[in-house]
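Residue-level listing of the chains:
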Amino acid sequence: MAGKVKNLADILKEKGIPISSQYGGQAPEELTDREVKKEPTPRAKELRDLYFNTYSSATVEFPYWYTRKWNELDCEPSIVRRAAAMKCAFSHLTPTIFPGELLVMGKAHYYRGSFPMPWLSEGFYMVKEDELYQAALKKGGASADEVSKFGSGGGNVTKSFGNVVSIAGKFGIRSEEVPALIKLARAWVGKSVDDLGHKYEQMVPEYETKEKIMRSVICMFESGYTLPQGREVINYYYPLQYGIDGLIAMAKERKAEVAGKADGDGLIGMDRLYYYDAVILGLEGIQIWILNYAKEARRLAGITEDATQKKEYEGIAECLEWIAHNQPRTFREALQLTYTIHIAVLNEDAISGMSPGRLGQVLYPWFEQDLAAGRITEEEALELLECHRVKFTCIDCFSSMGVVGGVLSGNTFNNLSMGGLTRDGKSAANDLEMLIMEAGMTCATPQPTLSVLYDEKLPEEFLLKAIECNKCGTGYPAWMNNQVGIQFLLQQYGPEGMTLEEARAITIGGCLETSPCSWHELTLNGKNYVIPGGAGQPTSVGVHFIANAKLLELVLFNGYDNRTKEQVFAPHNKKLDTYEELWGVYQDYYEQTVNCLAKCNNIQHDFWRKNNMSIINSILKPDCLTKGHHIGQLGYRYNGTFNVESCGTANMVNSLAALKKLVYDDKKYTLSEMQEAILANFGFKTADEVGSYSLLSQEKKEGGDKYDQIHSDCLLAPKYGNDDPYADAILKEYEDWFCAMCRNYESLYARPLYACQISVSTHGPQGAVTLATPDGRLAGTTYADGSMSAYPGTDRNGPYALFTSATVWDHTQSQNSQMNLKVHPSAIKGIEGSRKLLDLTRAYMRRGGFHIQYNIVDSKMLKDAQAHPENYRGLMVRVAGFTQYWVEIGKQIQDEVIARTEYETA
Amino acid sequence: MSNGNGTARHNDCRNFVPVDVAKGICRAKNKLIAIDTPTCENFTALPKCKNCANFTATENTLGICEADKNKTWVFEDLIAVTCDMYQAR
Chain A
1 MAGKVKNLAD
11 ILKEKGIPIS
21 SQYGGQAPEE
31 LTDREVKKEP
41 TPRAKELRDL
51 YFNTYSSATV
61 EFPYWYTRKW
71 NELDCEPSIV
81 RRAAAMKCAF
91 SHLTPTIFPG
101 ELLVMGKAHY
111 YRGSFPMPWL
121 SEGFYMVKED
131 ELYQAALKKG
141 GASADEVSKF
151 GSGGGNVTKS
161 FGNVVSIAGK
171 FGIRSEEVPA
181 LIKLARAWVG
191 KSVDDLGHKY
201 EQMVPEYETK
211 EKIMRSVICM
221 FESGYTLPQG
231 REVINYYYPL
241 QYGIDGLIAM
251 AKERKAEVAG
261 KADGDGLIGM
271 DRLYYYDAVI
281 LGLEGIQIWI
291 LNYAKEARRL
301 AGITEDATQK
311 KEYEGIAECL
321 EWIAHNQPRT
331 FREALQLTYT
341 IHIAVLNEDA
351 ISGMSPGRLG
361 QVLYPWFEQD
371 LAAGRITEEE
381 ALELLECHRV
391 KFTCIDCFSS
401 MGVVGGVLSG
411 NTFNNLSMGG
421 LTRDGKSAAN
431 DLEMLIMEAG
441 MTCATPQPTL
451 SVLYDEKLPE
461 EFLLKAIECN
471 KCGTGYPAWM
481 NNQVGIQFLL
491 QQYGPEGMTL
501 EEARAITIGG
511 CLETSPCSWH
521 ELTLNGKNYV
531 IPGGAGQPTS
541 VGVHFIANAK
551 LLELVLFNGY
561 DNRTKEQVFA
571 PHNKKLDTYE
581 ELWGVYQDYY
591 EQTVNCLAKC
601 NNIQHDFWRK
611 NNMSIINSIL
621 KPDCLTKGHH
631 IGQLGYRYNG
641 TFNVESCGTA
651 NMVNSLAALK
661 KLVYDDKKYT
671 LSEMQEAILA
681 NFGFKTADEV
691 GSYSLLSQEK
701 KEGGDKYDQI
711 HSDCLLAPKY
721 GNDDPYADAI
731 LKEYEDWFCA
741 MCRNYESLYA
751 RPLYACQISV
761 STHGPQGAVT
771 LATPDGRLAG
781 TTYADGSMSA
791 YPGTDRNGPY
801 ALFTSATVWD
811 HTQSQNSQMN
821 LKVHPSAIKG
831 IEGSRKLLDL
841 TRAYMRRGGF
851 HIQYNIVDSK
861 MLKDAQAHPE
871 NYRGLMVRVA
881 GFTQYWVEIG
891 KQIQDEVIAR
901 TEYETA
Chain B
1 MSNGNGTARH
11 NDCRNFVPVD
21 VAKGICRAKN
31 KLIAIDTPTC
41 ENFTALPKCK
51 NCANFTATEN
61 TLGICEADKN
71 KTWVFEDLIA
81 VTCDMYQAR
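If you read the protein sequences in the order shown, they are chains A and B. For the first sequence, my numbering assigns the number 1 to the initial residue and increments by one for each residue that follows. For the second sequence, my numbering assigns the number 1 to the initial residue and increments by one for each residue that follows.
The set of hints was computed from the structure by calculation and includes no laboratory data. Idealized CB from N, CA, C, for every residue including glycine. Keep in mind that the hints are not guaranteed to be accurate.
[What the hints assert, rightly or not] Label-pair distances were calculated between CB atoms; the ranges are:
no., chain 1, residue 1, chain 2, residue 2, range
1, A, L73, B, A57, 22 to 30 Å
2, A, K426, B, K31, 47 to 55 Å
3, A, K295, B, D68, 17 to 25 Å
4, A, T304, B, A88, 51 to 59 Å
My request is simple: use the sequences and hints to build the entire structure.
Below is the structure:
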């Protein structure tokens, strides 16, 4: 009888190798739930329960009307053509109001609706044409069993059933709409940003290398046609101050002023006329869209027999009829208008990470005046904020599987920032933000995720409220270092005119992207306020997700990818006799990667700005309306937002440390022996064979003992996260080089790139394509998350040692860095535990760390949730910069979250 | 009222609130209901292209909008509550 298959955890235990999933003691044997638990209001609960039972659903209504109008307007200036197409699409969206809603409207008529944008990329549908048709033709088998699978395993439509066709393993579309989807896709062949960008990127001399890099998954995705906007901060100021009628009037006035005049700008001076024309069309489209919902509310009020519901429909109609034209009068109207504007922006592009910004500070004027006038109570405001959470959680981003699944885990990263400073340097925290956190606890949902802009000036009460929210296990708020972020902004945007005052408007876009913002003077009922809002281009753009550990693999194998069997880079043909030579080749391959990707990316974005430029966002952000220039013409105040994003830093650092120690310093192994062991996966099966993507679950191959010693030595080599100068010096050398290197490359807007260091979910798929690494990580297993998180189980000296390692370099040189910690609920019980967690947070911030975030969860619960997802529909976890429902994230990431070191003491 | 195969679905009905591609809420009965199950006596036609006098079917759920000056293509299930050219058959 064959013996029990040993996994790595058993082997390490036998050998006494100290890699463990727990630090600081043992977790209690029984499963421990989170200490803080709260419940939503009945209304929000019903709406959230409906969400739990809802599939991600796509429809072609918006793209149909957009394309129809676009085709009618051949030869018009692109911006006018696009604005008219958007107006047509917004005007024809079917309004749906769901029972119980106070805040209404949505991307599409489904509760969790979205739609494809073939003008960005249609290739996916063309490639899948036959498959989609076959699935659509197979209709008619809508058995009760099939249609009763509502919501099981989350809202992802992972496969087709009945009359529902799965797209990209995520979205469902009605089979009767598939022929229209295919026809729309055909209409954009050769015209989409993807197709045009592809045509011209082939003229870049390094194009072939870029394609091999993409196939190798050294780079995860191309932003130009997948997510051309996002990870930025929206700006609600203009509609809040002037109302939509006021903005239309302003645009008409400016249109008359600039018509036929260049005003000294021979290049784009004349374009201002078309810009203002587009602004008017865009705003009119939004007005009609809002008023269509108002009409629907009136219709429903007319047919309902329930007096309470009738009154609510009338309230909705009245709110919409007002905000379609005017400055909001009440907190509810202001909240509805900001939400409406948010959705309007999301409907103009595939966007992930459009953050509402410091919403509690933006809406404070209405909150304050409503409370004072007795127009609203805190309880009523809380209910509205809960409804707002559900509406934001219903937002889906329609993009390809690689992007939506592999990068985003289905998340949309609508990050709401709190705290920070006012324009004149005082604490900006307010009572509405306290209520926003309360709603985040009572109605725990992934969106909007919350972030605290940590500053020493923030009051203790506010900070402890944030800790209480952390203890709910929501994964939010994340903690960002306000002063570190301000320094980064001044460095990056100082050349574009940013002052310290303006830098204090700092807000987080997307997961944890420090974004340039601005202050605006708002007047409400004669009282003046200063509110912040986004003022910069997207930061979701540039060279995104370079797999640091995979790149090292290619250095070790002379530029050859053993997975794709391709020579990705020209062979370096060096013997790599010294560590310095190895590091030099690594830098060279990295620079080649950024160089070719930046060039091709610039071409894709150039087509986006020429044919598919933002209309709505180009109304909202300063200084477009003043200048008469859209985003693509540098209309925004800050334009140096393109970046280079990395993934797998801890594994790369640990691998370099192992090579330095074992091959170059101690000379215990030759490089050839290391290469042989890597190709043999240290004698283990692949992660796919095992069906798990965490290191400790990996299983030894029959007869795989040959590499035991070298594998043990690799695992025992110095590791990042332990206050070990050997490994930390490698991190510092890398960071100093990486942050400077990124600035050597230029975006299409002629601004330098910069470093961005978050993994989102790419540490799953990029780990999956990477062979075993010299740090002892095995083939196909997920990388460490973030950039400052330790590799699971390798941080053995406690959190303060981890903080020391993480802050050996200057975080102000990067847009961000990312550290995630998993803490057992029992470690932070009671008020004493809360203070310990706040002290821990402060310690990291005071050492200059940029970001820290906590998963307060018992790993046993996650394991149980993986085995019984049906019992955990509402369970949320923090991944890497975002919170997501456990059941909606892929197994690669689930395994990694389970494997993270669990701190039993804080 | 038909889906092209002669059968009405719940998402052809004005009382239906489309939650997702598989189900919705029936306002008449105030409950969740699967789209592809038999409709009831409360069925009220929702304006859709297939129910419009200006619609001419072509193939595979597609058709032509005769009211449009360009005679552009449309599809049967396009909801027409916001269309100025909609004329119930």
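(message) The hint says 51 to 59 Å between T304/A and A88/B; measuring C-beta to C-beta, is that right?
(response) violated, 23 Å
(request) Go ahead and decide if the range 17 to 25 Å is satisfied by the Cβ distance of K295/A to D68/B. (result) Once the Cβ atoms are compared, 23 Å apart, the range 17 to 25 Å for D68/B and K295/A holds.
(request) With 22 to 30 Å as the target window, see if L73/A and A57/B comply at their CB atoms. (result) For L73/A and A57/B the Cβ distance comes to about 27 Å; the hint holds.
(request) Could you tell me whether the CB distance from K426/A to K31/B stays inside 47 to 55 Å? (result) The hinted range 47 to 55 Å holds for K426/A and K31/B, with Cβ atoms some 53 Å apart.
Figure legend: structure checked against the earlier numbered hints; the only hint not met is number 4.
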